[in-house]
Each structure stands twice: as C-alpha cells, then as structure tokens.
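Asks: The residues making up each chain are set out below.
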Amino acid sequence: MKIAIVVQRYGADINGGAELHARYIAEHLARYADVRVLTTCARDYLTWRNEFDPGVDRVNGITVERFRVARERDEAEFGLLSDHVFSRRHSLQDELDWLASEGPTSPELLARLSRDRNEFDFVLLFCARYFHAYHGARVVPERAVLVPTAERDSALGLAMFGPIFRGVRAIMYNSPEEQALIRAAASNDHVPGVVVGIGSEIPAAVDPARARAKFRLTGPYVVYVGRIDANKGCAELFDFFTRYAANRPDAPTLVLIGRPVLDIPKHRSIRHIGFVEDSDKFDVVAGATALIMPSYYESLSMAALEAWALGRPVIANAHCDVLVGQCLRSNGGLYYADADEFGAVLDRVLADGTLVDQLGRSGRRFYQQHYSWSVIERKYLDMFALLSSTAATYRMERMPGWVARRLRSLRPAAQVLDELPTGPAVDVDERGSEKPAPKSQGAIA
Amino acid sequence: MPMDHNQGRRGHFHRGRRGPDRRGPERRQGPPPDQGNRPERTDRLDVEQIMREIRTRIAQRSGIELSNQQIQELAARRLEAILDPRGLKPELLDQLRRSAGDRSVSVDVVPAGSAQSYPFDEAALYDSPNPLLRFIRKLLQPLLRMMFNPTPIAHALALQSRLNAEIAAREAERDRRQAEWNALHYEILQRLALEVSRGSIDSQNLLLRVESLAAKVDFNERRVRSMEGTQVRVRPQEPVQPVQPVSTAASESIPASPQVVAAQPGEPARRRRRRRRGRRGPGMNVPAEAGTNASSAPAVMEPDEGDTENDFDDEAAPEPINATEQAVVSEQIAVSPMVAPSPEPVIPPEQTRPSGPIASAEPATSFESVPSKPMISSEPVAAVEPVVGQSGTRDDELPPPAEPDHRDE
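Protein chains in written order, with this note's numbering: chain E, 1 to 445; chain Z, 1 to 409.
By construction, these hints were calculated from the structure, which means they are not laboratory data. Any given hint could turn out to be false.
Claimed, not checked - Label pairs and their calculated CB-CB ranges: (1) E:262 x Z:166: 39 to 45 Å; (2) E:97 x Z:141: 39 to 45 Å; (3) Z:202 x E:386: 46 to 52 Å; (4) Z:196 x E:398: 52 to 58 Å.
Model, not experiment: these values are computed from the prediction. Ideal Cβ placement from N, Cα and C applies to all residues, glycine included.
Hey, can you work out the whole structure from these sequences and the hints?
Replies: If you want it as structure tokens, here you go:
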C-alpha cells in the first residue's frame, strides 16, 4: 500500500499542531505502508515564504517531496477578503479568491498529484481549510482521505467546503464535536468517517522532581503548554489568574511553556520558562497540579491529551466544545466559563488531592483507550481496508460554471456558522463507530 | 504541544463570531448523563456533578441564584421593554443593535480621493480609452478651441468634483461617528439594564432574607411568651401563705390583664405585664418591697440562675420571672383550691407541646390533664407556645414559620 500525505509544512523542527499531527501519522503509518509526504517549501505559516529547497528530502526516515509556493501571503489582502467572505454576502469566486490568498498556493504540488494520481492508493490531506487540501481533494477525490482538523471558526461556514466534505472517500475526525460540526455544516453522513485524533510520544518515565529543581519551581503549580497567544485564550487566562491570585498569598504558580506572542504580565505567581525540550515539558506537566487549557477553539488539544497520558487533570475553557466534551467523556478534567468558576475550580483541585488523583487516573485511562498509538494505527488501517474493499457510491460535486461562481448568492460565513449547533457531543461514540449526531438546532449532543 | 493548526489565521476575522454561549443554563451545566454511551465512568467520578456543585457554591456565595447567562437574558428582556418599539423608531432600534453588534465592521467610508480619481482638466475633456478616438480628438482640438473656451468648463467641473469628494468624506465621517455613538449608547443602555437586573435580583434576595429574619424574630417572640406562660404554670408547689399580701399589693400596681380576668372570673382583675425576653439576672429590677417575696420563692429562681443571660436558643433554660410575676403566680396558686403541692411540678413535654401549627392561637387542650384544672385550664393559652427545650426539640430543628431561607443557615 502506498500512501501520500499532503500537508502545508513538514519538518522535524516544525511543531505546529496539524504539521506535528501529520508527521506523527506519517512515521507511524510507515510501519505498515510506503509513505511519502508531499509538502511545500514553506516554513513560516504566516508568509509561506519558500525556505526549504524544493525536491526530495528525508525526515526521520520518511521521504518528503517539497514544492515551491507560487505566491506569499499578503496579510492585508487576506484580511480584507476574510472580512468580506465572513461578514458579507459574497460569491463562490470570492471564496476561491480568499482560499488562494490564504495559501499555501502551490500549483506544482497539485500538478504532481494530478499527474501521478494512480501512484498512491490513498492521499491523506491535512487541514481542510488550506489551498492544498481543497484543491488536492478536487484533483484526486477517489483517493482522498481528509483529516480536516476543523474547529469552530468562520471558515467552516464557507460554502465551497461543502462539496469537499461530501466528496472525499473518507474523513478522519479529531473529535466527536468536529464530526458533528462538519456533518451539520455539510450534510455528509454518507461519507465514511471515524474519530481518530492523535497520540503523542509520551516518555516511559518522567521525573517531576528534576523539573522542579531545574526550573526552581516550589510549591503547587498549574501549567499551560502551547503558544502564548491571545487567540489561544491566554489573555483571558492571565486576567483570571491575576484576579484569582490577588486575594491569595498562597496562590499556586502559573507555569507557562511555549513561545510568547502576547505580553506576559509581570506577576509573582506567573513563571514563563520558555520553549523547552520535550523531556522537560513532560516532567513539568507531570509535576503540575493540573494543566490549564484556556483556548476557545480547538479541534483537539495535544497538550490536554499529554497531560491525561501523564495522569494529570485538565482545567479547560468551558467555551470550547471539544475540550468540554473531552472532559466529560474522560472524567479527567474540569472547566470554567468565567473568572468565578476559574477560581472555584482552581481552589477545588488545589484543596482536594484525591479528586486530582481520580481525575488524573480517569484521564490516563481515557488516553490509553482512545489515543494510544496502537488504537490510532488500527483505526487508520481499518479505514484503508474498508475503502479498499468497497467502491465509492458518490462523486465529488463539480465546480459551478463561470457565471454561477460569480453570483453573489452566498450568505456570510459567520452567519452560517452561528446557525450550527454548539455544545459538547457526548452521545457520539468516540471509538469510531458511526453514530450520527442529531442535527438539532443549538445542540450537538 | 497544542493543536495550533490554525496558525495561519490571525486577527478577529479569523474566528467565528460565536458570541455568548447559546446553550442555555441547562446545557451549560452539561447534558444529561448517558452512561450507556460513555466509554468509561470510573472511580465514581462525575465531572458534571462536580461542576454543578462548584456552580451552586458560587451562586450561593454571591447570593444570587441565577447564572450570569440568566441575568443577561433577563436584562435583554428589560432592555427590550426599555427600547419599546412603539415609543422608538424601529429602524433606529435596528440601527442601534447593528451598530453594537458590528462594531468591528467599519462603516463604509468613501475615501476622499475616490471621487477625484477622474481629473477634470482640459485634457480630460478630450480623453478617451479608445486610442483612435483620442487621436482624432487631439487632431480636432484646435478646431474646438476656436469654437468655444473649454477652460472654465474644466475648472468648474474640477471644483465640483472636489466639493463632492469633500462632502462625501464629511458625510462618511459623520456617519461613522454616529454609528460609534449609537454603539456606545446601546452598550451603555445594555449595561445599565444588566446592572439594574442584577440589582433588582439582589434586592429581591435581601427582601426575602428580611422576611425570613422577621419571621424568625416573630417566632422567637412567641416562644418567649410561651416560656413565660409555661413558667407560670409549672410552679404550683410554691408556698402559698407568704405570697398572698405581696401579690395583692403588686396586683394593684399593674394594669388589668384580660387574660387573667378571663382565667379567674371570680377574682378581682389580675394584671400581668407581658414581658419580652429576659434581660435580667435574678434579682434585677426587683422592687424593694418584693425582695422578701423573691427570696420566698427559691424554687422558681433556682433552675437557671446562671442562665438568665443566655440567649433563648438555650432552650432548656426557663426564664426567671420577676417579683411581680411571681406574685401573680403565687396568688393564682393560692386561690386555686385544686392545686396540690406536687413533687413533680413540670408538665410533661407531650402535654405542653401543641399538636397543631406553632403559630396557631388555638386553645391548648392538652393542658386539661394538668391537675390544677381551675387555674390552668381556664387560662387562655392563645399566646402560649410550647417550651421547645422542654419538648426536646431544638429551635433549628423546627420548621420556620415562613418560607425557609437556607442562606441564613
């Protein structure tokens, strides 16, 4: 079996969520199939500037083909187009222009797929909202297996993605919430889909004491892992935490791991230890009272999964359906919707060690049952086997004609998104069986 | 590492305008448990239950039973009432809402230079996108100039164009400011309505507390009276002889009590001052002439000499009576021919405790079994409450007379 993995960036030092996801999947599927990665020469996700050399490369034993990006992203243009398609009535051509503006636009990569479409049994396309995934799915729909990594953002309300979600051979979802959201948006119940997610490379042993000594951490602490960015909810986290710590001299330390995009407030209880090696990260997380995930939008939080794998509970943002759903399904975390709840939850986990242990145990069990690599590999292989044994009974919808593409008949994407159901999807069986969520307004579950 | 696969998106336009959680309070608390579909529910741990507890505790701490979401909904309804479309132009209301909702979307301002993109000079009069036409016009330009002067026309048109652009810019600026003001007004109004809602809920809460406390105070008062009444009835064994003259003297100095009159129709009007809870220790406020009287009733004073300053929550401590009351009691006892100096004067709790509601003013028929029938059974007991301590029931175990307010506990 020969599999192509198409992703916007690829490299051992590229740690973006979806890119890391693609790399992990490539390396694990390589044990069972001939895997080849098709990607761009870009390293920077904001500009898509060509930084890698085009051609064939090898990364951790995986063959990687890199193709040049035809045009860098113009942030101003992309912002204007985003505003237009998200907030105003627009045409399909406007959406296509938006997609081209978002990038990474690499006609060479698409030409390679189109030219050698029979070379691969399956083409795994990562990140539905990017240029390569959209056009890749249109080029090889009969072999396309989409890993959408979609979240609740306005792009999901764009009309152009409907045919893609309805036309690919299969979809590998990250969470039941993502599955329910895409099904509600695209009505693609006929497309085989399974909730897979992603595992992580958890070390066999961790040493929290070493991390405490190395980073001079004393007393109880909670930890945040990831890019320190307002888009990740960090501004709100800082606000809530400083308000919480203001009246408590014995407040725990908030340890931050990751690169800051946002100014970190100077506070006696906030410690930023920067971007650290994986071993340090796991040691710090293992020694924490809990991991905090303040993000509003996640399709799957690897940090949360890693915390659960290490037996630590998660304190999640209650506005993120995926995280709340995971907390509910795993019984491995609590969640907060405002500052009061943030303080109360933090108080509870700090005061109740038994509860922390129980949450951690539940989380670990959840991780082992659903996100260990053996489970994930099996889900992929089962899906490939299913697709190999059955023929597709549907086809990708054709692109509308020149005039139809220019009719301003599409509603603002944000408005479409607002009408999609919200909430954690607790009724969807995360083990992957098909259990469509009812499409009731305002409720996924 | 988090799944920051959406790294390519930045700024407000990248995110879904999700707004407030639209799941409603019941869904905010999580969906109903569906054990069958959940892969595991281990350690008997229920995150939803824990979150419910946490939220309940927060609600109790803040004294408001409503969630923020509910308060906001309430405020939205109030706001609708304030912005009554009958008294307000509907389009203005829509405009306010739109302005508040789309503050991130800039108002379409016509750039000042956009109207001037077509320059009105003399050359522009002969210009054309068609090169051939342009060439012909250029050739014929001297001929045209001979026939009329195009310069003032070009000048007037250029001036008008500039004026148009300036006016358009001014209009756009005014619209933008107006939209901002509208948004600000709407925001302020919305916040005011929210705060008013919150305040009214708070005041309602406090009102309920006041009512609850008032009911408790009332209950305590009635209990005090009942204790006094019980004290009166439980001392039939006191020596009678020395009391008689003093009680007569004392009875002359106090106003007539209808209760006493009704109780002993054959006697001269006996007056008994209705007294609030005891604030005195034994002997306090005792008149000098009653001094001997007080000393003559040691059995009455004895039981709680050390407890007289205690609060009434200490139910087992019957309140001492002052000399005047002692005199009345003694006299009542003295005139009762049926009273025998019983060695166990305390009425059994099951006899003193009424079976009906505490606040009812029904006659205490249970007192019929008391031996001193003429005195006690004829005494109206409308104000008599059981002595809670004697009946073996604590104050806080009794149902409060009004709606319970658990926040007071």
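Asks: List, from low to high, the hint numbers that the structure doesn't satisfy.
Replies: 3
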